[in-house]
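From first to last, the protein sequence lines are chains H and X. In case it helps, the numbering used here puts the first sequence at residues 1 to 180. In case it helps, the numbering used here puts the second sequence at residues 181 to 424.
Hints are computed from structural coordinates only; laboratory data are not their basis. All C-beta atoms in this analysis are idealised placements derived from N, C-alpha and C, irrespective of residue type, glycine included. Please note: incorrect hints may appear among the correct ones.
Covered stretches of chain H (chain X as the covering partner; in silico rule of three or more C-beta atoms under 8 angstroms from a C-beta of chain X) [to be verified]:
| no. | segment |
| --- | --- |
| 1 | 7 to 14 |
| 2 | 43 to 54 |
| 3 | 83 to 91 |
| 4 | 94 to 105 |
Label pairs and their calculated CB-CB ranges [unchecked claim]:
| no. | chain 1 | residue 1 | chain 2 | residue 2 | range |
| --- | --- | --- | --- | --- | --- |
| 5 | X | Pro384 | H | Pro159 | 30 to 38 angstroms |
| 6 | H | Pro159 | X | Tyr240 | 30 to 38 angstroms |
| 7 | X | Glu358 | H | Val10 | 26 to 34 angstroms |
| 8 | H | Pro93 | X | Asp224 | 32 to 40 angstroms |
| 9 | X | Asp224 | H | Ser82 | 55 to 63 angstroms |
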Amino acid sequence: MKAIELILIVVVAGLVVLLAWPRLRRPRRPAAAPGARRILVPFVGNLDPTVLAAAIRIARAEDAVLVPAYLVIVPLRFPEESPLTAEVQVAMPMLEAVEHAALGAGVPVDARIEKGRSPTHALQRLWAVEHFDRVVVPAPTDGAGFSPKDITWILAHAPGETLILRPRPAEEAPPVRLAG
Amino acid sequence: MISTVNVQHLESLNDSVAELTDIRVRETFPDRILDEADEVVLVDLTPEALQERLRAGKVYPQERVEAALTNFFRTDNLSALRELALREVAEDVEERRQPAVLDPLSRQAITERVLVLVTPEPRSQRLLRRSWRSAQRLGGELDALWVRKPGQELSDEERTSLAALRRLAVILGAHFLEEEGELVPAVRKVAAERGSTYVFVGTPDESRRRKVLRGSLVSALVRELPGIDIRVVANRADRQKLAP
Numbered sequence: 001m002k003a004i005e006l007i008l009i010v011v012v013a014g015l016v017v018l019l020a021w022p023r024l025r026r027p028r029r030p031a032a033a034p035g036a037r038r039i040l041v042p043f044v045g046n047l048d049p050t051v052l053a054a055a056i057r058i059a060r061a062e063d064a065v066l067v068p069a070y071l072v073i074v075p076l077r078f079p080e081e082s083p084l085t086a087e088v089q090v091a092m093p094m095l096e097a098v099e100h101a102a103l104g105a106g107v108p109v110d111a112r113i114e115k116g117r118s119p120t121h122a123l124q125r126l127w128a129v130e131h132f133d134r135v136v137v138p139a140p141t142d143g144a145g146f147s148p149k150d151i152t153w154i155l156a157h158a159p160g161e162t163l164i165l166r167p168r169p170a171e172e173a174p175p176v177r178l179a180g
Numbered sequence: 181m182i183s184t185v186n187v188q189h190l191e192s193l194n195d196s197v198a199e200l201t202d203i204r205v206r207e208t209f210p211d212r213i214l215d216e217a218d219e220v221v222l223v224d225l226t227p228e229a230l231q232e233r234l235r236a237g238k239v240y241p242q243e244r245v246e247a248a249l250t251n252f253f254r255t256d257n258l259s260a261l262r263e264l265a266l267r268e269v270a271e272d273v274e275e276r277r278q279p280a281v282l283d284p285l286s287r288q289a290i291t292e293r294v295l296v297l298v299t300p301e302p303r304s305q306r307l308l309r310r311s312w313r314s315a316q317r318l319g320g321e322l323d324a325l326w327v328r329k330p331g332q333e334l335s336d337e338e339r340t341s342l343a344a345l346r347r348l349a350v351i352l353g354a355h356f357l358e359e360e361g362e363l364v365p366a367v368r369k370v371a372a373e374r375g376s377t378y379v380f381v382g383t384p385d386e387s388r389r390r391k392v393l394r395g396s397l398v399s400a401l402v403r404e405l406p407g408i409d410i411r412v413v414a415n416r417a418d419r420q421k422l423a424p
């Protein structure tokens, strides 16, 4: 091999490393593979950290995309398509925290805010336009979140496997780090 | 001139009133009349007090009282209409707090308008939400723009993401815009048309090669959008990778 060829190879290799280096150093975002399974975690008002942690574990085990969906209820006094800024103000930090926890755990996340006249109506709207392989639902707790009637409806109508997770009582629950 | 009106006759509230009361009010007046009034004063009354006045024959003749009480003048209807009236007047007061001395040009100069560049992928959900929060703090409107490359075909995932972005825009009260062409010229055109004062972009996922060959997106936006603030919205989850 001539010296000039050797120099050329070294220069080309150096250029390749130089061009690729920032990409190698850039923090990797968890990215979903095309056609990856999608796990829906719908919630109303609040999402129990124990349920979230379980949903993240399931998504990680299945290489799935976690889809946390905050369901906004549109009061009858407003038209169905009206913007809901006050409700969204509440949803924003919740979704940020959920996304943060999922991405921190290396799970790709694709959050949603969906609205409807009731939690089940909002879910129905979401299921009508998006595909989900599994639904992870927090069980009813002390009047918050889904009602037993909602859960019955979800079990009957969910488009995929449904998992109802009972949040642990406060005194039993270990501290859960939301921020990964 | 002094006049009184019932809130259910305001044109923009006609649909809300129909939903609340199941009664479509046919006699409406344009909102412009209220906007042009020098002063708007709320005459507030509890539903019970209004029903009392009705029973005393101070609203309708006695023979119509019973029917009215069981139809339009039900407590739930009156409570909802009262809430509507309170909100309407509160919004009117808020609008009037804007300094009246500003000419249209000055008003345009102080009004903020955010334009966020989205793409049909999951991270744009967060980008749109974060931009909306900033727009709220700035008291400005939010436009979301997706620039489709000429002839670009979308995958199933991208179509789902795009539809979800549109739904989120509706919930947030943002305007979703779609353009076809090259990104930077399209942003420039839309920013000029909409009077944008801020442009929000997600962290560009650009290779060094692209930057060398075509320049970075952010530099191009700074160059092509003079007088407009450019903000790069990072993924907060990446902060934990900052630790030394």
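So, going through the hints one by one against the coordinates:
Under the rule that three or more residues need a Cβ within less than 8 angstroms of chain X, the assignment of the segment 7 to 14 of chain H is violated, with 0 such residues. Coverage of the segment 43 to 54 of chain H by chain X is violated. Counting CB-CB distances below 8 angstroms, 0 residues qualify, and the rule asks for three or more. Given a C-beta distance limit of less than 8 angstroms, the hint that chain X covers the segment 83 to 91 of chain H holds, as 5 residues qualify and 3 suffice. For the segment 94 to 105 of chain H, the proposed coverage by chain X is satisfied: 6 residues have a C-beta within less than 8 angstroms of a C-beta in that chain, meeting the threshold of three.
Here the CB-CB span from Pro384(X) to Pro159(H) is close to 35 angstroms, well matched to the stated 30 to 38 angstroms. Look at Pro159(H) against Tyr240(X): about 53 angstroms separates their beta carbons, and that is not inside 30 to 38 angstroms. Here the CB-CB span from Glu358(X) to Val10(H) is close to 48 angstroms, at odds with the stated 26 to 34 angstroms. For the pair Pro93(H) and Asp224(X), the supplied restraint of 32 to 40 angstroms holds, since their beta-carbon distance comes to about 34 angstroms.
For the pair Asp224(X) and Ser82(H), the beta carbons lie near 24 angstroms from each other, so the given range of 55 to 63 angstroms is not met.
Going down the numbered hints, you'll see the structure goes against 1, 2, 6, 7, 9, while the others check out.
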